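Chains as they are written, first to last, in the numbering used here: chain A, 5 to 118; chain B, 366 to 481.
Please note that a few of the clues may not be correct.
[Unchecked claim] Cut-off 30 Å, straight-line C-alpha distance, at most; resulting in silico cross-link-like pairs (DSSO-like, lysine-lysine):
id, chain 1, residue 1, chain 2, residue 2
1, B, Lys-376, A, Lys-110
2, A, Lys-110, A, Lys-72
3, B, Lys-379, A, Lys-110
4, A, Lys-58, B, Lys-469
5, A, Lys-60, A, Lys-9
6, A, Lys-75, B, Lys-469
[Claimed, not checked] Quick partial rundown of chain A residues pointing at chain B, CB under 8 Å, derived from the structure:
id, residue
7, Pro-44
8, Glu-46
9, Gly-47
10, Phe-50
11, Lys-75
12, Phe-93
[Stated by the list, open to error] Between beta-carbon pairs, the in silico distance windows are:
id, chain 1, residue 1, chain 2, residue 2, range
13, A, Asp-59, B, Leu-481, 26 to 36 Å
14, B, Ser-431, A, Gly-87, 20 to 30 Å
15, A, Val-82, B, Gly-368, 34 to 44 Å
16, A, Lys-58, B, Gly-381, 44 to 54 Å
17, B, Gln-382, A, Ile-22, 34 to 44 Å
18, A, Ile-57, B, Arg-380, 28 to 38 Å
19, A, Gly-87, B, His-375, 43 to 53 Å
20, B, Gln-419, A, Lys-9, 21 to 31 Å
21, A, Arg-21, B, Glu-433, 43 to 53 Å
22, B, Gln-382, A, Asp-5, 26 to 36 Å
23, A, Ile-57, B, Gln-382, 29 to 39 Å
24, B, Gly-368, A, Arg-21, 10 to 20 Å
Hints were generated in silico from the structure; no laboratory data involved.
Just so we're clear, the structure is a prediction, and the values are computed from it rather than from any experiment.
The beta carbon of each residue, even a glycine, is placed where N, CA and C say it ideally should be.
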Amino acid sequence: DQQVKQNSPSLSVQEGRISILNCDYTNSMFDYFLWYKKYPAEGPTFLISISSIKDKNEDGRFTVFLNKSAKHLSLHIVPSQPGDSAVYFCAASAMFSGNTPLVFGKGTRLSVIA
Amino acid sequence: DTGVSQNPRHKITKRGQNVTFRCDPISEHNRLYWYRQTLGQGPEFLTYFQNEAQLEKSRLLSDRFSAERPKGSFSTLEIQRTEQGDSAMYLCASSLEAVATNEKLFFGSGTQLSVL
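Next comes chain B alone, as it looks inside the complex:
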């Protein structure tokens, strides 16, 4: 039973550089979510996909952020022209579309981004 996989685990970059993260969800899950977590805060929703369609984006997701999920499998999150305020843990989660009352998100271990 493979869980949600995220790569890389850690990324250090200089301000102004572009970074890309990858998420591989649990194989039968059709929903994929991106969250961001900073120190002392809970995970904050960024965006989610149902299959390959991006259904919702948070206002937290500035124009510098773009997410894709080609073919409805893995997803990438790109941040262009990184800023120090982008430093955070980026969490990916997946779920099976809720058909009952028990939709649960399964999270990956996250990618810790540090912008210097």
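Chain A on its own, in the form it takes in the complex:
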């Protein structure tokens, strides 16, 4: 049972345009969501997070949107840069109701084309 789903295995975007990566979850107990970025031969690195009390969090070129009723979140990167090319993982946890370990999606490989 996959509790965190990233249905797009890959995405290609032109440099300078917006990248939108999507994530759906099924566990209504999840209340904390994170995005990680992973380059080849490295561990995932934290990018941005959002708790369920918010619907938007912004950090520079990165914005995460949370739609609790739809159990959906998205990561927007604008403008996209070639260095953003990586695999992006969505992760979730029930932090406030049990502090469960992070559950990850399968990832979306983003390619930003110059």
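Starting from the known structure of chain A, fit chain B onto it as the hints suggest.
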């Protein structure tokens, strides 16, 4: 600022052999996690420690797997009688126990295990 360190980076072993991996977390972090990642999948939780106490184990962690964190510092993950299905990237992560809304895991670069 030293991050999470994992050794070795790569391990090739024959089926049936035992292997042990080491993880050194960020020094002030009291939580340490082990995840496993296979090709095309996201990291899957295996187990975690708060200080030296092992607080949770996934059902993915068979009896052949054992993890320790003596003295609440570094951790080891041992796999006994390895099988080809154990081939994966084993990721260690650490964090400071959440006191607010921003607990983040910091990952090491992983140990890539290949079982022949």
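Which of the stated hints cannot be reconciled with the structure, identified by number in ascending sequence? The structure conflicts with hints 7, 11, 13, 14, 15, 17, 18, 19, 23, 24, although it agrees with all the remaining ones.
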